[in-house]
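> Here is how the chains run, residue by residue.
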Amino acid sequence: GAVVSQHPSRVICKSGTSVKIECRSLDFQATTMFWYRQFPKQSLMLMATSNEGSKATYEQGVEKDKFLINHASLTLSTLTVTSAHPEDSSFYICSASRWKYNSPLHFGNGTRLTVT
Amino acid sequence: AQKITQTQPGMFVQEKEAVTLDCTYDTSDPSYGLFWYKQPSSGEMIFLIYQGSYDQQNATEGRYSLNFQKARKSANLVISASQLGDSAMYFCAMREGLETSGSRLTFGEGTQLTVNP
Numbered sequence: 002g003a004v005v006s007q008h009p010s011r012v013i014c015k016s017g018t019s020v021k022i023e024c025r026s027l028d029f030q031a032t033t034m035f036w037y038r039q040f041p042k043q044s045l046m047l048m049a050t051s052n053e054g055s056k057a058t059y060e061q062g063v064e065k066d067k068f069l070i071n072h073a074s075l076t077l078s079t080l081t082v083t084s085a086h087p088e089d090s091s092f093y094i095c096s097a098s099r100w101k102y103n104s105p106l107h108f109g110n111g112t113r114l115t116v117t
Numbered sequence: 672a673q674k675i676t677q678t679q680p681g682m683f684v685q686e687k688e689a690v691t692l693d694c695t696y697d698t699s700d701p702s703y704g705l706f707w708y709k710q711p712s713s714g715e716m717i718f719l720i721y722q723g724s725y726d727q728q729n730a731t732e733g734r735y736s737l738n739f740q741k742a743r744k745s746a747n748l749v750i751s752a753s754q755l756g757d758s759a760m761y762f763c764a765m766r767e768g769l770e771t772s773g774s775r776l777t778f779g780e781g782t783q784l785t786v787n788p
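Residue numbers (our numbering), protein chains in the order written: chain A, 2 to 117; chain B, 672 to 788.
Just to be clear, a hint being listed does not mean it is correct.
[Said to hold, decoys possible] Using 30 Å as the maximum straight-line C-alpha spacing, the simulated DSS-like pairs for lysine-lysine come out as follows:
| no. | chain 1 | residue 1 | chain 2 | residue 2 |
| --- | --- | --- | --- | --- |
| 1 | A | K56 | B | K741 |
| 2 | A | K42 | B | K687 |
| 3 | A | K67 | A | K56 |
| 4 | A | K15 | A | K42 |
| 5 | B | K741 | A | K67 |
| 6 | A | K42 | B | K674 |
| 7 | B | K674 | B | K744 |
| 8 | A | K65 | A | K15 |
| 9 | B | K741 | B | K687 |
| 10 | B | K744 | B | K687 |
| 11 | A | K56 | A | K15 |
| 12 | A | K42 | A | K21 |
| 13 | A | K67 | A | K21 |
| 14 | A | K42 | A | K67 |
| 15 | A | K21 | A | K56 |
| 16 | A | K65 | B | K674 |
| 17 | A | K65 | A | K21 |
| 18 | B | K674 | A | K56 |
[Said to hold, decoys possible] Here are the computed distance ranges between Cβ atoms for each label pair:
| no. | chain 1 | residue 1 | chain 2 | residue 2 | range |
| --- | --- | --- | --- | --- | --- |
| 19 | B | G756 | A | S74 | 49 to 57 Å |
| 20 | A | S90 | B | G756 | 24 to 32 Å |
| 21 | A | K65 | B | K744 | 41 to 49 Å |
| 22 | B | R743 | A | T83 | 29 to 37 Å |
| 23 | B | N738 | A | V4 | 25 to 33 Å |
| 24 | B | Q685 | A | C14 | 24 to 32 Å |
| 25 | B | P711 | A | K21 | 20 to 28 Å |
| 26 | A | V4 | B | S702 | 25 to 33 Å |
[What the hints assert, rightly or not] With the C-beta cut set under 10 Å, the calculated list includes, among others, these residues of chain A facing chain B:
| no. | residue |
| --- | --- |
| 27 | K56 |
| 28 | S98 |
| 29 | F108 |
| 30 | T115 |
| 31 | T117 |
Bear in mind the hints are in silico, worked out from the structure with no lab data behind them.
No experiment lies behind these values; they were computed from the predicted model shown.
Here a beta-carbon is modelled for each residue, glycine too, at the ideal position from N, C-alpha and C.
Modelling step: build the complete structure from the supplied sequences, incorporating the hints.
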């Protein structure tokens, strides 16, 4: 089955530093990937839609200069949290889909970011 | 307005019994898909079942079935013969605009299911 790999699974960084999270589709090409954020005991909130070869589409209220998304190839999208602050601590999870309309989004295992 | 509504923040069920998790949705798009995901405490999102808006029959996948009532805009998940490993957060999600892979998934708030021995 389709597999999406996300790294790292857990990261602790100091306030003011930047963190890069990678999302790879391992056995299919994904022209579109999605980045979600999840706070404890809450639902997944879409941050942005990552399109291969073009700029990401950000949801309202998401700072595009803070959350940099690069979709350099059909199998790789990256999310960089720039100048991280403690309020950026959260669970970030990426997803990708095949082209078929009834294909589920396949999710990475998520990245738990803690900013100290 | 909320597109996906899950009205049960928490549900409890005895092992081996069946449980229904509620989900209602709102869309004006005639083409849409409904998904259920399971999220254990470890955080990964596990796809369970899919129902398309044009599907005539209710979807089933092993112990999971989807009670799809299109006129009422509901897509309840039924888990039969509950197991302890079913304890997790369950999310209902909808995908509109099915023409491309670029259509997003919108999630409900989730239902925390606890299976008691």
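> Run through the hints listed earlier and report the numbers of any the structure violates, in increasing order.
Failing hints, ascending: 1, 5, 19, 21, 22, 24, 27, 30, 31.
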